[in-house]
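There are 2 protein chains.
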Amino acid sequence: MAAEQSMELHEAYPMTGGDGLYSYVNNSSGQKAVIDSAKELVKRAIVEKLDKEILCSFKTFRIADLGCSVGPNTYFAVQNILEALESKYQQCHQIPEFQVFYSDHSANDFNLLFTSLPQNRNYYAAGVPGSFYGRLFPEASLHFVHCSYAIQWLSGAPKELMDKSSPAWNKSRIHYANSGDEVVRAYKAQYHKDIEQFLQARAQEIVCGGLMVLIFPGVPNGTHHSQSLPSMILELLGSCLMDMARKGIVSEEKVDTLNIPIYGMSPQELKEAVEGNGRFSIEIMEDLPLMIHDHAVSGGQSKIDTQAFVCHMRAGLEGLFKNHFGERILDVLFESYRNKIEENSSIFMSGKAVNSFVLLKRKLSTSKLAS
Amino acid sequence: MAAEQSMELHEAYPMTGGDGLYSYVNNSSGQKAVIDSAKELVKRAIVEKLDKEILCSFKTFRIADLGCSVGPNTYFAVQNILEALESKYQQCHQIPEFQVFYSDHSANDFNLLFTSLPQNRNYYAAGVPGSFYGRLFPEASLHFVHCSYAIQWLSGAPKELMDKSSPAWNKSRIHYANSGDEVVRAYKAQYHKDIEQFLQARAQEIVCGGLMVLIFPGVPNGTHHSQSLPSMILELLGSCLMDMARKGIVSEEKVDTLNIPIYGMSPQELKEAVEGNGRFSIEIMEDLPLMIHDHAVSGGQSKIDTQAFVCHMRAGLEGLFKNHFGERILDVLFESYRNKIEENSSIFMSGKAVNSFVLLKRKLSTSKLAS
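Which chain is which? The protein sequence lines are A and B, in order.
For the first sequence, the tail end lands on 371 under full-length UniProt numbering, and the numbers increase by one without skipping.
For the second sequence, the tail end lands on 371 under full-length UniProt numbering, and the numbers increase by one without skipping.
Rather than coming from a laboratory, the hints here were simulated on the basis of the structure.
What you were told as hints is all true, and nothing was included just to trick you.
Remember, identical chains collapse to one label, so a pair may be satisfied in a single copy or spanning two.
Below, a list of computed lysine to any residue pairs in the SDA-like style, where the Cα atoms sit at most 25 Å apart:
id, residue 1, residue 2
1, K59, K363
2, K193, N120
3, K254, D181
4, K52, E139
5, K59, G278
6, K59, N277
7, K49, I284
8, K159, Q119
9, K59, S365
Sequences are here, hints too, so could you generate the full structure?
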């Protein structure tokens, strides 16, 4: 359980709490669209891939939502899972009790999460604070894990990006779309390390035959980093910061030392990580609609709703920028970002992005895992 | 699971959160003294009363602290339990993993609880929001329950105390030491209903052979309500409110409609409730040192540290008074309370109080429980 002890060392930038203008609660409609389209896939996962032995042999069925943030999307996701399970349970003699673990960094607004839990829930709810790059649950204690829009967040930015003497020094940039290969290599290496730890921890926590749904934004297989839409979007935010540095509003050094710990993986990269881990089989791997397009395009045409898009980005990233630059720059930064997005709206057509839905099943153990 | 659905209807007056002057964190040294003296009894409970079959047959040992508030006492209590368990586990082939559930009302400051969890903990931590007068956990999922200084809080004040047409109308008072028998009867009835629900829920959640420690302040067997120190202390606070009503600072009607939902039970009353429930055996029942005396008496002599005592009371009750009267009266109320306590310090000698430590063991089922 050594991983448990160090888990809070991982960087944590929770979604903006409360219910204000820039709160995650009021700016997560994009995620909900993804969850809605994932709904049918989750149903299919449970109907087709959940073995009857797993279903009927436990008196308590335990579900975890990792990277749950503060709702309401996490409640919708859990409700979807429960509805599919309850329908499938007609095969068994007895419906078990359900226990749902909502998990996120300890800096997440659990107070809001707990006070807004659905009143008529038919499960026992618990919150679990900590990083999912370490162990969060006892061995073989979970039957279904859901993790939506979370594993694109690395445990932290690679240290060499801030090292002036390193070829991976990422000067004047906060991400990698416009960076050299060394920077991208550093991000990739961090991703590989993190996803390995993620899969290793879950392999221990999930019962044999248990399922895990991963939903994440990334890039199509073979995309060059300069064409990654998730990164292009972040780079525009970086260029706003550099504009502010030139005006003396922030120091350039502060921009140099910020690197957003997000990596846009390809489905192939996840596949390789799962195969490398060896404890899970890939049962479903499909593309979901692109949230970022849905969100940015208003009325089905090419007009981008920049205000909604920027609010959405701000809800997800505000904590990180506040932590690094202080609160006072936020309004200026995101106003400038809105203009920059309007000027560069063509990136939503030229950039490459994909939303992936992956269903993993914990293989039956042939050898005992070290715990 | 119907109880689960309505559990948030119970009144919740969390301890004051944060870490300010009147926060629970900074005013719970009295509780810590009780925990320290309970430490040896918890050890004895585990050494003498925890069956080897319970100890060695579960891969995960699950502990719950009910009414945990925000720490640090809950961490000390859990640490005590774990140390005793780990020492006893030398009898088994393998030490299991531990999962600890910190539970309190959803209005509790779980954000503070989660960010101040011990860094070097050797257990998986979770938070569970909700009232312990309903179900909080799946059936037979807990092995050890700890509940310290919490079951004296009723699920709410009896409604008839606020009914002008009832003989139990508790006019001008907020508790029962100076009230008639009808008021006391209403409190007793509420207590009986609540403790029955508490025991019924725990009987379902705790595995057969599992243990539950209850630590609570109350009165010695056979104490007349007019001699109850816990109630006398609360009545003095009520008399401060009546003074304020006479000065027009609060309305008298507001005082009439406040009744503090705390009941000082006797050990005998708990014993009868446990026997009535029938699912637990009483393994240990002992008196602990009196926190209220320790806390109120400075330097081992009769001089009462009124400031510390009032801070302690304020930390526990502020939420309730704020909710009923608004924040603006708090400073005046507790300043006046300090004077009142100084003038009436003799009640600490004349009033009767007891701190009880009770260890219950979940009996082996002879018939299946409805769940």
